[in-house]
Amino acid sequence: MIINKSSLTEAQLAELRRIVGEGNVNTGSADRWALSRDMWPKTVMWTRHGQAPHLPDAVVLPSSTAEVSAILKWADVNRITVTPYGAGSGVSGGGVPLAGGIVVDVKRMNHLLKIDIENMCIDVEPGIYGERLERMLNAQGLTHGHFPSSIYCSSVGGYVAARSAGQASSRYGKMEDMLVGLEVVLPGGEIVETAALPSCTALPDLNQIFLGSEGTLGIITRIRMRVHTLSPEHRYLAYHFPGVKAGLDAMRRVMQAGLQPAVLRLYDEFDTIVAGTHGAPGPQEEATIIEQRSRYEIFVDDLSSFMKKSSIRPVLKHPGLLNSAIRRLPAKCLLVIVCEGDKTQAERESRLIADICSPLAMADLGEGPARYWEKHRYKISYKQSKIFDAGAWVDTMEVAIKWSEVEKLYQAVRRAVQNKVFIMAHFSHAYVDGCCIYFSFSRASSSQAAELSDYDDTWRTALRTIHENGGTITHHHGVGCNKAPFIPDEYGVLKELYVKIKKELDPHAIMNPGKLMPDTIDAKELRP
Amino acid sequence: MKIDGYSLLATVDCAEKPSAIEKALRTEGYTFGLGTLDNETFLKNYLHGDALLDAHISGADLVGLCASMKIRLLNGNTQRTVETPRSAAGPDLRFLLLGGAGRAGDIEELALKIRPLPDKMLAATYIAHNLETAVETLRIRVQNFNPPAWVRLTLLDDDIQSDQARLSFGFEGSAKLCEGQFDDFCAACATGFTKTQAPAGCPDGSHNMAGAPPLFSDMSKTHKPEIQIGIMLSWECCAAFMREMKKRSAGIYIQQCVLSKAYHHAALLSLRIYSSGTRDWIENEAHEISELTKKDGGRVLELIDLTGERTNLKNIVPSDPLIERIRRVI
Numbered sequence: 001m002i003i004n005k006s007s008l009t010e011a012q013l014a015e016l017r018r019i020v021g022e023g024n025v026n027t028g029s030a031d032r033w034a035l036s037r038d039m040w041p042k043t044v045m046w047t048r049h050g051q052a053p054h055l056p057d058a059v060v061l062p063s064s065t066a067e068v069s070a071i072l073k074w075a076d077v078n079r080i081t082v083t084p085y086g087a088g089s090g091v092s093g094g095g096v097p098l099a100g101g102i103v104v105d106v107k108r109m110n111h112l113l114k115i116d117i118e119n120m121c122i123d124v125e126p127g128i129y130g131e132r133l134e135r136m137l138n139a140q141g142l143t144h145g146h147f148p149s150s151i152y153c154s155s156v157g158g159y160v161a162a163r164s165a166g167q168a169s170s171r172y173g174k175m176e177d178m179l180v181g182l183e184v185v186l187p188g189g190e191i192v193e194t195a196a197l198p199s200c201t202a203l204p205d206l207n208q209i210f211l212g213s214e215g216t217l218g219i220i221t222r223i224r225m226r227v228h229t230l231s232p233e234h235r236y237l238a239y240h241f242p243g244v245k246a247g248l249d250a251m252r253r254v255m256q257a258g259l260q261p262a263v264l265r266l267y268d269e270f271d272t273i274v275a276g277t278h279g280a281p282g283p284q285e286e287a288t289i290i291e292q293r294s295r296y297e298i299f300v301d302d303l304s305s306f307m308k309k310s311s312i313r314p315v316l317k318h319p320g321l322l323n324s325a326i327r328r329l330p331a332k333c334l335l336v337i338v339c340e341g342d343k344t345q346a347e348r349e350s351r352l353i354a355d356i357c358s359p360l361a362m363a364d365l366g367e368g369p370a371r372y373w374e375k376h377r378y379k380i381s382y383k384q385s386k387i388f389d390a391g392a393w394v395d396t397m398e399v400a401i402k403w404s405e406v407e408k409l410y411q412a413v414r415r416a417v418q419n420k421v422f423i424m425a426h427f428s429h430a431y432v433d434g435c436c437i438y439f440s441f442s443r444a445s446s447s448q449a450a451e452l453s454d455y456d457d458t459w460r461t462a463l464r465t466i467h468e469n470g471g472t473i474t475h476h477h478g479v480g481c482n483k484a485p486f487i488p489d490e491y492g493v494l495k496e497l498y499v500k501i502k503k504e505l506d507p508h509a510i511m512n513p514g515k516l517m518p519d520t521i522d523a524k525e526l527r528p
Numbered sequence: 001m002k003i004d005g006y007s008l009l010a011t012v013d014c015a016e017k018p019s020a021i022e023k024a025l026r027t028e029g030y031t032f033g034l035g036t037l038d039n040e041t042f043l044k045n046y047l048h049g050d051a052l053l054d055a056h057i058s059g060a061d062l063v064g065l066c067a068s069m070k071i072r073l074l075n076g077n078t079q080r081t082v083e084t085p086r087s088a089a090g091p092d093l094r095f096l097l098l099g100g101a102g103r104a105g106d107i108e109e110l111a112l113k114i115r116p117l118p119d120k121m122l123a124a125t126y127i128a129h130n131l132e133t134a135v136e137t138l139r140i141r142v143q144n145f146n147p148p149a150w151v152r153l154t155l156l157d158d159d160i161q162s163d164q165a166r167l168s169f170g171f172e173g174s175a176k177l178c179e180g181q182f183d184d185f186c187a188a189c190a191t192g193f194t195k196t197q198a199p200a201g202c203p204d205g206s207h208n209m210a211g212a213p214p215l216f217s218d219m220s221k222t223h224k225p226e227i228q229i230g231i232m233l234s235w236e237c238c239a240a241f242m243r244e245m246k247k248r249s250a251g252i253y254i255q256q257c258v259l260s261k262a263y264h265h266a267a268l269l270s271l272r273i274y275s276s277g278t279r280d281w282i283e284n285e286a287h288e289i290s291e292l293t294k295k296d297g298g299r300v301l302e303l304i305d306l307t308g309e310r311t312n313l314k315n316i317v318p319s320d321p322l323i324e325r326i327r328r329v330i
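From first to last, the protein sequence lines are chains A and B.
Going by our numbering, the first sequence opens with residue 1, and the numbers climb by one from there.
Going by our numbering, the second sequence opens with residue 1, and the numbers climb by one from there.
Among the hints, erroneous ones may be present.
Stated by the list, open to error - Calculated lysine-lysine pairs in the DSSO-like style (CA-CA distance at most 27 Å, straight line):
#, chain 1, residue 1, chain 2, residue 2
1, B, 314, B, 246
2, B, 120, A, 343
3, A, 343, B, 195
4, A, 500, B, 70
5, B, 2, A, 245
6, B, 294, A, 114
7, B, 70, A, 495
8, B, 246, A, 500
9, B, 295, A, 114
10, B, 314, A, 408
11, A, 343, B, 176
12, A, 495, B, 44
13, A, 503, B, 70
Claimed, not checked - Here are some chain A residues the structure puts well away from chain B; computed CB gaps all over 12 Å:
#, residue
14, 108
15, 110
16, 152
17, 165
Just so you know, the hints here were simulated from the structure itself, not pulled from any lab data.
Because the structure is a prediction, the values reported are computed rather than measured.
In this text, a Cβ means the ideal position worked out from N, Cα and C, and glycines have one as well.
Work out the full structure: start from the sequences and follow the hints.
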């Protein structure tokens with residue numbers, strides 16, 4: 001891989017060094033390459049193909065709000081584009097510096113600044129990792145309640161910038177529920193704070209404008225967010241339902257009954273097999289269940305085991321066949337539930353959920369599957385590289401829609417891409433009025449060129465189908481450059497409002513160009 | 001009105017009054033759970049203005065109950081936002097239209113989150129031996145996922161020296177959950193409180209679905225209502241602020257101060273000031289209360305001139321410079 005020299009002048013670099021210190025402006029090849037990508041699978045493909053199409057000219061590491069302010073002032077004056085960067089765990093390409101310029105990496109701003117016990121809030125810097133923050137809070141008997149599967153490699157600033165959701169969102173909420181207030185540095189260097197108190201009037205809420213803005217309106221430098229007392233009690237439940245529809249109905253009834261289990265996850269037929277029903281039921285019941293398995297189920301079990309081994313590529317070359325086999329599986333979907341709180345709350349909630357689920361389920365699996373899920377909850381983020389290693393590619397897509405349309409959207413997306421990729425899904429992040437569908441899809445393409453075109457083709461087809469069926473194209477991964485071409489359709493005429501705000505706050509279009517909405521640079525043209 | 005009972009959403013016309021919407025929903029077995037101070041105000045006015053809605057369900061407010069909107073921008077273009085529980089597709093631009101007095105566009109329709117009429121409503125009133133105990137108990141219950149559907153917390157006003165407080169609260173929902181949550185809250189009031197036999201809510205539940213009583217008792221026969229102020233304060237400032245309000249009004253004017261909404265990290269105080277004679281000082285008082293709020297790091301959210309005659313009440317509800325900047329360009 002040939003990496004060109006930074007195009008910043010020595011004088012410009014000297015100014016940056018003056019702001020953040022000598023060792024905190026990196027122009028070396030390794031640093032520039034490492035921060036030219038995030039965890040968007042397409043950037044993994046680029047790397048595997050020996051490409052680095054969007055290198056920054058420098059990586060700058062500020063340690064304070066004042067330094068970020070000085071950097072953005074400098075960038076605005078010099079018309080240098082800026083890509084904010086946290087942990088780099090984003091999967092939509094939000095951290096890819098499409099137009100070069102500088103990457104502002106906030107990893108040095110990684111402090112827990114304040115714990116306000118009375119108001120149960122904390123102040124943190126954006127570069128602190130979720131898992132480290134959780135450990136620091138646990139030591140005080142607290143939790144932030146945000147558990148994305150990327151928790152070991154993702155930062156709080158990223159959670160806010162992309163409207164993240166964690167696995168316990170049914171109880172603790174999504175990032176927009178957890179956020180209390182922000183400090184943001186605007187392009188040009190102005191430092192602003194959003195109101196850190198709720199507004200129960202219809203006053204415009206600035207938090208909602210910076211949430212999900214993915215670094216296109218400024219750099220988040222301080223976050224005030226909710227924390228909670230660590231739950232002393234947990235209750236685990238799991239059921240098999242006779243298909244997705246029955247399982248979704250149970251989830252809906254739980255949420256609409258006013259219950260707030262921390263975890264409520266339903267797996268479709270194939271994802272149920274991948275998730276497994278480890279730990280339950282007891283040996284005798286297990287034997288009965290195994291006897292009841294059909295030939296197809298055994299076939300798919302064998303297949304999933306086969307896929308976990310090295311011969312994955314031939315199987316994934318024929319996604320249509322694989323999807324067809326999966327469709328003939330007997331309908332059986334796993335729902336795992338975790339309730340928490342004090343003893344009374346956890347017991348009451350699990351009892352009421354059991355009252356709802358038991359009559360609808362085909363089997364009560366006891367505690368085992370939910371306990372197993374909890375133990376392995378963060379592993380999924382580290383499985384993708386094995387699939388890439390095996391010569392295939394994989395990605396995930398999280399969409400959301402109201403309850404009355406969930407199953408229809410699920411089937412529509414499956415149908416639309418069934419001959420392009422092998423696809424499975426689970427349903428999580430449930431609300432009173434709807435839920436998120438989390439698709440995982442994979443394929444082995446015939447060549448490197450085909451890999452990129454298959455990938456784009458699959459996303460285009462899926463996102464179009466989602467809009468045709470009334471869903472949102474992202475529930476918690478954000479937009480980045482992957483979904484940016486579809487945002488005008490999602491926003492419709494509201495796009496005009498965003499463009500006006502963007503022009504007001506970032507008149508020289510220096511902030512993360514090509515992201516969110518192709519407003520200043522045509523993201524389609526920038527995509528290689 | 002179109003009701004999607006499966007998703008618990010109702011598409012409503014914003015030219016309707018919330019009271020009419022609620023009435024229509026109830027005939028179908030649903031509610032949106034919010035009471036209003038004024039039965040004559042249209043839904044649109046609440047969305048475009050800065051008016052507070054009264055009692056709420058578990059911390060919800062009108063903005064939180066809005067699942068999607070049909071919007072007409074000033075250039076005539078219309079758009080229905082995606083009807084989804086949540087999205088990560090960039091900033092939530094709906095929040096630019098709310099409270100914008102129609103400057104950015106007109107909200108024509110809302111998909112409103114609704115709920116089935118509750119099986120059960122339970123309410124109670126306790127007298128706390130001191131205000132701190134009452135505020136602390138309420139704070140801890142809310143922060144521990146046990147928020148009441150409505151709450152009213154006031155200092156007893158019969159004795160200037162008294163620090164006793166009246167805490168009324170109500171729960172609603174499915175019978176078992178409602179009873180459990182209500183019992184949890186009552187158990188938290190076992191120490192430091194005396195339970196009263198006084199009815200806590202509206203007997204007929206007419207004020208809102210949870211049967212919350214009106215925010216203020218009606219004193220208009222003997223005193224003239226002058227202004228009403230809504231103040232959001234972080235928890236640690238609430239008790240001292242309420243006590244200060246009582247002290248300020250003592251013997252000078254009549255003031256009702258009610259902690260009326262409880263959030264994870266803050267609470268809303270609703271104040272109403274009445275006069276019985278000269279009224280010149282009222283505007284000054286409003287400004288001073290606004291300054292005290294600012295000093296405590298709080299936020300004046302609403303000021304209603306109940307006389308409709310005052311001209312010197314500007315700047316009491318502070319505006320955010322960045323919001324103003326954004327409002328100017330959209």
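Hint by hint, here is what the structure shows:
1. B/314 with B/246: 24 Å, holds
2. B/120 with A/343: 23 Å, holds
3. A/343 with B/195: 25 Å, holds
4. A/500 with B/70: 20 Å, holds
5. B/2 with A/245: Roughly 24 Å separates the two Cα atoms, so the pair holds.
6. B/294 with A/114: The given pair, whose Cα atoms are some 21 Å apart, holds under the 27 Å limit.
7. B/70 with A/495: Within the cut-off at roughly 14 Å; holds.
8. B/246 with A/500: 46 Å, violated
9. B/295 with A/114: At roughly 21 Å apart (the allowed maximum being 27 Å), residue 114 of chain A and residue 295 of chain B satisfy the hint.
10. B/314 with A/408: With Cα atoms ~52 Å apart, residue 314 of chain B and residue 408 of chain A exceed 27 Å; violated.
11. A/343 with B/176: Given pair residue 343 of chain A, residue 176 of chain B holds - Cα atoms ~16 Å apart, limit 27 Å.
12. A/495 with B/44: Between residue 495 of chain A and residue 44 of chain B the Cα gap is close to 22 Å, so the pair holds against 27 Å.
13. A/503 with B/70: Roughly 25 Å between the alpha carbons, so the hint for residue 503 of chain A and residue 70 of chain B holds.
14. 108: Residue 108 of chain A clear of chain B: closest Cβ-Cβ about 27 Å, beyond 12 Å.
15. 110: 23 Å, holds
16. 152: 21 Å, holds
17. 165: The assertion about residue 165 of chain A is violated, with a minimum of 7 Å to chain B.
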